[in-house]
Amino acid sequence: MAKPESCRFMKSHEWVAGEGADAAVGVSDHAQSEISDVVFVELPKLGRRVKQGEAVCVIESVKAAFDIYSPLSGEVVAVNEALVKDPALVNRSPQEEGWLFKLKPSNPAELETLMSWGQYKEFLETAATHGH
Amino acid sequence: MSATAAELRRTPLNERHRALGARLVDFHGWELPIQYESILKEHEAVRRDAGLFDVSHMGQVWARGKGALAFLQKVNANDVARLSPGQALYSQLTNENGGIVDDVIVSRLESERYLVVVNAATRAGDLAWFKKQAAGLPVELEDASDSFGMMALQGPLANEIAASLYPELAGLPRFGALERRIFEQPAVITRTGYTGEDGFEFIVPNEIASRLWDNLLLKGRSVGLRPCGLGARDTLRLEAGLLLYGQDIDEEHTPFEAGYGWVVKLDKGDFIGREALRRQKAEGPRRRLWGVKLLERGVPRPGAAVLLEGRRAGTLCSATFSPTLGTGIGMGYLDAGLAPSTKVAVELHGRPVSAQLVRPPFYKRSEETHG
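Quick note, the sequences are listed as chains Z and S, same order.
With the working numbering, letter number 95 in the first sequence gets 95, and the count goes up by one each step, no holes.
Start counting at 1 in the second sequence, then tack on 1000, and there's your number in the working numbering.
Excised from the complex, chain S in its bound form:
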């Protein structure tokens, strides 16, 4: 092993990945599996059966106290006041310009106790931002990221597998959140994910992460559960039109531009970025994140130029081969005034390949098979 690999941070599941023969890569300073056996097989397992992901690199920040809600309302574009204890929501943190500081899941566990799950690469920046914005408010912030591991059980059979270990999980609604003891340790479980399928995310103390991982794999193996790496996580989330912070969104882009205007609740009261977002909503964003679907064979990659009538009109920020559609897909910022189905071209190896604009998602699961 090289010196740089030794300096990478390891999750509590690192030994499990090694034992399973995973290919490990550097992901924002964390040593994580890109794949175990095959990205295609892992992708298919999640769409058809179930997959288990180590997402322990994600950060967990607690917000507690009388001022917790006021603090969260200030930093989030979404309306945290809508949450009852036991509910979670997807949100984006915005700056004064409406630019996206991070995208997060906020869970309300008790009336004055919330958990914010943040991205790994933005964790330190978020913490500094949170502390600045919390000044003067009666809220206690605690970064618990180093003590907790996190894993995601995703796919149409996730419910069956989770309920076979913890029967009350079958009753957890979409974006529900609950606390319970797992191996006598406090854990948070949310019905959330990043794949476009039904599923759960388990946030558990490091000491018991590998035991829970083993139990879930043991319960799920007979119905097709596979351990899945970052490779499948990326193809799954992109098909589902889910954003990757740092690649699709950042402080230079707003929720409206990203096609996530539904996150922004202008009527909830004041929050950071509200005025800028109100203006942008009234004027309409000039650019937006479009889906691009290839009409010819080829595999687009992030950074590929998107051409409109032969001229460069934008760049793909995320792009891949879609295992479910069997075709190349991507997302990139282009003129918001364009219409869906507009013919464009994506430059691959110096050659224009024909494609068309679509509104993400590229894939939507059938709802009737899920609760």
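So that you can see chain Z by itself, here it is in the shape it has in the complex:
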């Protein structure tokens, strides 16, 4: 679906790929590792209009539920139905087969507010040194 190098990232670890009609959204490899065993993904409804930063779906592990925020404003135009049967795709392939939903962005300029892959990697390193 999207190599991390060509994605933009949120501080809450979602990625978004592409600027066209179908910007795919998922969670980073770092996030799937932190979430651990994904057992259920509550996907958003098709056609739902979301704002940047709005909680749009929930990833559930054995122990906890994680809200997933939309990296961009827009309309949900596709959801990854494969996650219904195999939610662990999020763990096995967070950047490819484990994508969550696709958006038709309403304000592509919002991409500029997100981190590049290089910035995100730096953000993770800083968080690792200062956090936990």
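Quick caveat, the hints were computed from the structure, so don't treat them as lab data.
Mixed in with the good hints there might be a few duds.
If you want the footprint, here are the derived chain Z segments under chain S, 3+ residues with CB under 8 Å [as the list claims (entries may be wrong)]:
1) 54-62
2) 112-121
Derived contacts from chain S toward chain Z, CB cut-off under 7 Å, selection only [said to hold, decoys possible]:
3) 1038
4) 1039
5) 1040
6) 1231
7) 1265
8) 1299
9) 1321
Calculated Cβ distances over 10 Å to all of chain Z for the following chain S residues [what the hints assert, rightly or not]:
10) 1035
11) 1073
12) 1081
13) 1208
14) 1210
15) 1252
16) 1298
17) 1301
18) 1323
19) 1349
Since this is a predicted model, take the numbers as computed values, not measurements.
Glycine included, each C-beta is placed from N, C-alpha and C at the ideal position.
With the hints as your guide, set chain S onto chain Z.
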């Protein structure tokens, strides 16, 4: 590491958990692994092969002397007099109202020497309760919790692994208890556990805990033994319908309400709470701990509302995704008059998800493969 983490109590196996890359969490003031690699893999290892758990946070209280049995009979709802030396039983300590003070395993090692394994969070309270109830009786109580570590070897291959180190363990019956030396130190081994599988619990002095842990892992690795954390311990025990003190039971709930009426032996003679429990048994409890099984996808969590015909009828006290069933399960107190299979709903993220009532356990191991 943060300041709070430094104040947590550490078990004698703490360094082992760190070396194995465990995720450590605060569990009632103890630093314990929630998982090593994956809760699902650890859960599956225990159902299929075997798992090894650090349960050193559990407390150990010795009761010795001529009055030991009389004391234990007074504080326990179960009948400790049924134990011969070398036997253990599950019991609940009850108060005057029949409310549950703690749930425990009592082992009789010698005719006047018993070991009571208590929960970590209730240890101090139990000790105070025990001392009060033992007043005037010729019994000596000793809290040995700080000197002992404890680990649980659980799963269908637990017997094979344990017997490869200590051959006499193969002959230990379910709820059997024995004492032997391990690395020249006195140890107690019981055929008990908290997973719904066959298994053993080893109570050993702190100094040798990591050596026993290493030996068990070494012996078991080739047959699939995995170190397991609290995450898998919780999913395993909930599938097996086993109670978690402080979450499923407490002083506000009785054994009958918890669905553990079999623990209460009203005919054994007097004990604390007997009259209240006799009354409740005669009248029938008004609420009971029901199992709730989701009929749709979703993962229930403790605290989720249970709805009956659209109205709130109770709350889930324990709830999780069941790795064995592949569905959401939970337990909660609801009207005792309801029938199994009654359709209910569990509120998840503000949405009612359909479910049905069942009598726990959710999972029962096949007996023919075990001794």
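So, going through the hints one by one against the coordinates:
1. 54-62: This one holds; 4 residues, not fewer than the three required, reach chain S with a Cβ under 8 Å.
2. 112-121: Since three or more residues must qualify, the claim that chain S covers the segment 112-121 of chain Z is violated, with 0 doing so at under 8 Å.
3. 1038: holds, 5 Å
4. 1039: This hint holds: residue 1039 of chain S lies near chain Z, its Cβ roughly 4 Å from the closest one there, short of 7 Å.
5. 1040: Status holds, d = 4 Å.
6. 1231: It holds, given that the least Cβ distance between residue 1231 of chain S and chain Z is near 6 Å, below 7 Å.
7. 1265: violated, 37 Å
8. 1299: With a closest approach of 4 Å, the residue 1299 of chain S hint holds.
9. 1321: OK, holds: residue 1321 of chain S within 7 Å of chain Z, min 4 Å.
10. 1035: The assertion about residue 1035 of chain S is violated, with a minimum of 7 Å to chain Z.
11. 1073: holds, 40 Å
12. 1081: Since the minimum Cβ distance to chain Z is about 41 Å, residue 1081 of chain S lies beyond 10 Å and the statement holds.
13. 1208: Non-interface label on residue 1208 of chain S holds, nearest chain Z Cβ at 32 Å vs cutoff 10 Å.
14. 1210: Check passes; 25 Å lies beyond 10 Å.
15. 1252: holds, 26 Å
16. 1298: Residue 1298 of chain S not clear of chain Z: closest Cβ-Cβ about 6 Å, inside 10 Å.
17. 1301: Nearest chain Z Cβ is 7 Å from residue 1301 of chain S, so the label is violated.
18. 1323: violated, 7 Å
19. 1349: violated, 6 Å
The structure fails hints 2, 7, 10, 16, 17, 18, 19 (numbered hints given earlier, in ascending order).
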